[in-house]
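First to last, the protein sequences are chains A and B.
Just so you know, the working numbering puts 1 at position 1 of the first sequence, and the rest follows in order with no gaps.
Each number in the working numbering comes from the position in the second sequence (counting from 1) with 114 added on.
It is worth saying that the hints were derived from the structure and are not from the lab.
Idealized CB from N, CA, C, for every residue including glycine.
There could be a bad hint or two in this list.
Sample of chain A residues at the chain B side, in silico, Cβ under 8 Å [said to hold, decoys possible]: (1) G40; (2) G42; (3) G63.
Mimicking DMTMM-like on lysine to aspartate or glutamate, the simulated pairs with C-alpha atoms at most 20 Å apart in a straight line are [said to hold, decoys possible]: (4) B/K173 <-> B/E184; (5) A/K53 <-> A/E72; (6) A/K96 <-> B/E153; (7) B/K156 <-> A/D26; (8) A/K3 <-> B/D169.
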Amino acid sequence: DVKVTQSSRYLVKRTGEKVFLECVQDMDHENMFWYRQDPGLGLRLIYFSYDVKMKEKGDIPEGYSVSREKKERFSLILESASTNQTSMYLCASSLKGQLNTEAFFGQGTRLTVV
Amino acid sequence: ILNVEQSPQSLHVQEGDSTNFTCSFPSSNFYALHWYRWETAKSPEALFVMTLNGDEKKKGRISATLNTKEGYSYLYIKGSQPEDSATYLCAFISLSNFGNEKLTFGTGTRLTIIP
Numbered sequence: 001d002v003k004v005t006q007s008s009r010y011l012v013k014r015t016g017e018k019v020f021l022e023c024v025q026d027m028d029h030e031n032m033f034w035y036r037q038d039p040g041l042g043l044r045l046i047y048f049s050y051d052v053k054m055k056e057k058g059d060i061p062e063g064y065s066v067s068r069e070k071k072e073r074f075s076l077i078l079e080s081a082s083t084n085q086t087s088m089y090l091c092a093s094s095l096k097g098q099l100n101t102e103a104f105f106g107q108g109t110r111l112t113v114v
Numbered sequence: 115i116l117n118v119e120q121s122p123q124s125l126h127v128q129e130g131d132s133t134n135f136t137c138s139f140p141s142s143n144f145y146a147l148h149w150y151r152w153e154t155a156k157s158p159e160a161l162f163v164m165t166l167n168g169d170e171k172k173k174g175r176i177s178a179t180l181n182t183k184e185g186y187s188y189l190y191i192k193g194s195q196p197e198d199s200a201t202y203l204c205a206f207i208s209l210s211n212f213g214n215e216k217l218t219f220g221t222g223t224r225l226t227i228i229p
């Protein structure tokens, strides 16, 4: 059974804290993505990675960074958490060069910044 | 930022009725379009992957069509059941300025089936 696993289901952090959201996939996928989901705004792409140590900014990268040191793991980092980063964060992965195959998602991390 | 739109934003449908909703996307540089179903407390799961203009896909009571020339896809649900209640997302697959694959999602259609 294919799996994308996010490290936490729920997380509460204080303003100014450094926050790490981890995502691990076991399908040997090259592509990995981080999205945030907010009511009325759908899934918005923060960052994505197409290979180890390779990354590209998505549509809303401000306030975030990412790390991909191993193929199976893609981390989203909030350098200094702010209340406007309270959201649901979803990780996804897909095969590179296979546009006719779907992406697979983690279960989401609901982050609250207080 | 690519413009991928879905309508309506939400929909209430009586059990047994049929329904449909729309995803519109850029008609240029098309690579693929995906449909996902996202049930509460679960991960989004793929329904259809569509790559060719005129594609029609079917899975049980759910089907989808694709028009890449005009930039839209329809999702149809026949004889709605309570288990169809979910948010339905479309994702437009494109290449970034650096040639890497990215998925841009619409805002979703939240479907509620009324028993």
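Tested hints:
1. The restraint placing A/G40 at the interface with chain B holds, with a minimum CB-CB distance near 7 Å, inside the 8 Å limit.
2. The criterion of a C-beta within 8 Å of any C-beta in chain B is met by A/G42, whose closest approach is roughly 4 Å, and the hint holds.
3. Hint status for A/G63: violated, given a least beta-carbon distance of 17 Å to chain B, over 8 Å.
4. For a cut-off of 20 Å, the pair hint linking B/K173 to B/E184 is broken: about 24 Å separates their Cα positions.
5. The straight-line distance between the Cα atoms of A/K53 and A/E72 is roughly 12 Å, inside the 20 Å bound, and the hint therefore holds.
6. A threshold of 20 Å between alpha carbons decides the hint, and for A/K96 with B/E153 the separation of about 26 Å lies outside it, so the pair is violated.
7. For the suggested pair B/K156 and A/D26, the alpha carbons sit about 19 Å apart, so the restraint of at most 20 Å is met.
8. With a CA separation close to 29 Å, the supplied pair A/K3 and B/D169 exceeds the 20 Å bound.
Hints 3, 4, 6, 8, counting from the list given before, are not met by this structure.
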